[in-house]
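With chain A held as given, fit chain B onto it using these hints.
Order-wise, the sequence lines are chains A and B. So for the first sequence, this note's numbering puts the first residue at 1; every next one is plus one. So for the second sequence, this note's numbering puts the first residue at 1001; every next one is plus one.
Derived by calculation from the structure, the hints in this document are not laboratory data. Yeah, the Cβ is synthetic: ideal placement off N, Cα and C, and Gly gets one too.
Computed footprint of chain A on chain B; a stretch qualifies when at least three of its residues, placed anywhere within it, have a C-beta under 8 Å from a C-beta of chain A: (1) 1032-1043; (2) 1204-1211; (3) 1291-1297.
Simulated pairs of lysine to any residue, SDA-like, Cα-Cα distance not exceeding 25 Å: (4) 99(A) x 297(A); (5) 1133(B) x 32(A); (6) 190(A) x 286(A); (7) 366(A) x 1300(B); (8) 1301(B) x 209(A); (9) 346(A) x 320(A).
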Amino acid sequence: MATPTLARVELDYSGGERLTMNMGPQHPSAHGVFRAILTLEGETVVGVDAVIGYLHRCHEKLAETLTYAQYPSIASKTDYVAAMTSEFAYVLAAEEIGKIEVPRRAQYLRVLTAELQRVASHLLWLGTWCMDMGGALGGGATIFLYCIRERELILDLFESLVGARLLYGFYQVGGVRYDIPSGWTDSCRKTIDLIDQRIGEYEGLLEQNPFFLARAQGVGVISRALAEDVGIAGPLLRGSGVNFDLRRAAAYSSYQDFQFTVPTEITGDCFARYRVRMAEFRESIRIVRQVLDGLPEGPISSRPGLKSVAQIRIPKGEAYARVEGPRGEVGCYLIADGSAKPYRMKWRGASFSNLAVLPHIIPGHKVADVVAIMGSVDPVFGEVDR
Amino acid sequence: MPAWIVPIIAPFIVLNVVVGLVTYVTLLERKFAARMQSRIGPYRVGPHGLLQPIADALKLMMKEDVVPTAADRHVFNLAPIVFLIPCMLIFATIPFAPGLGVADLNIGILFFMAVSSMEIVGLFMAGWGSNNKYALLSAMRAVNQIIAYDLPFIFSALVPVMLAGSLKLSDIAAAQSGLWFVFYPVIGQLAFIAFVISTLAAENRVPFDILEAESELVAGFRVEYSGMKFALIQLGEYAHVIGSSFLGALLFLGAWSGPGPEWMGPIWFLLKAMLLFLLVTWVRWSFVRIRVDQILALSWKLLLPSTLALLVATAIVVVWRYGGGA
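Okay, chain A solo, but in the shape it has when bound (with noise of 0.2 Å):
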């Protein structure tokens, strides 16, 4: 009887023979359900396969079945780690195709809560990707509950502002729902300046830590021509030495009235991204404070007294509308037809366009390394599959 040949597999000591890994959906650093099916040599990654789509929920096709006055609540669940920006771009469009004006005071609380909401979201972020890298058993997460600590401050003010911590439907089109309440700035004073001292803390604790450093520096390097052939936007593209911020490059809102410089870094690595939003921490706060300073008397909306969630009707017509979100550029596409709901809508999401950049960057590093690109990217899931 003859022996079977077996299937042999040839051993070379270049690593040759390869590895098919999946790293989620399931999975504790995922952020969310993002599935990455990682070809790999022995540690090190060869090939990335990124695949989404595990948390789509039709949020556009919904879009066109609510109407102008109910959306903005639903907006806030495709970035639920940053509600407000995605409110913040639909009542936008919707105001730039009504050409709705929108009083002084709307405005300013329209930037003051989207900062505050960038400040929460950017914690959210130091927190998870630092455990990303040091473990739920480690010093990681230790970093996270610090983060997640002063994150449950600006939420407490989002609750006496709102009355829901973390989907708000604050923004309304023509301006805001609430106006603040007795005694809040001086809460919102209290907080901000509270989180600038921690964040200082923060940086003293991971940037004096040579296997922080270790781990970011020089990791997950996204040249300056990569940045902008992927698209990618937001603090990726600052770290890769792009000085492009909505804020400034397209002011919205009342942004041109605030004083406040767009952090850069050219390095590209995750070190470079970390410091782009630890200065953005920062810049927000100083944000927070002239609006704080600032804020106008008078209405908080043009369209006072709404009675109906059908009673705002937009003219025909369509608007791109985009904000700087704490991920990058968010925008919303709208055509109205003239009825009390939207024909169409579409959404940029920030992390949908800068997940693209993650199969260019991620090859060639160690496994380890894949969460700590995947955790500077930032992405949050709800706003990739929508």
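Structure of chain B alone, referenced to chain A:
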């Protein structure tokens, strides 16, 4: 009491004490970590969460024991035991007070090192037998890491051995009645730092916990384990950490020497070991983990040459000061 009873009773007592200690050390760590993270930690089960470890153990015992269909069943089932035995055996040679120990071998420290590096066998069996890619990668990392860090561990532990002139652990402890080796000028401190770093790596604790690495490899080699088998692995890991803490306290912190009457000796020893354990915990909850290549580079390029140089320096000092006789 006939003499032959002692070798039977002593391991029984030590094992039970160790298991109890390990159970409560997890509570200590959780409380300590919680305080670092401005939390309270376990609080609900019993006063100040004192019954939490027991609740955890009971929960793990009652969990369903899952063996993956594709796993190598025998290897998978055997691995936790193979892993646990060396972790428990390391307590055999540790004298908790003069004459109070299971076996005060004349090559005690050699036994400790030999046995503690045996755990890698169980670890690799777990990683291989699970038939899981995360587990396999973790097991490969483990082998790399243990090989890289055993030598610095041995070299740094040999410094007190040379200073004391004996491999017997009770002799090393007795030699520190005057001056704890951690206070021995320069050599003592350097050896202690190297010892702490390499035990961190040998215990697979953050920043060297690339085997577990739950953000990359989910739970590493034990990803497929559940219930009691998981508990055994956990027990083994903590036993190893505690064992290394005792060894560290014995080699560098003067073991049972301390003020007070002689019966206080074991208490001092325990306190010192727990202090070392808290040091390890402190490191664990403040650092991020480093990458596998960085871990290996740290050992082969820095720790190994420097501990070797330290060993040579110690040899010179010993010959110069004691004429080789110690």
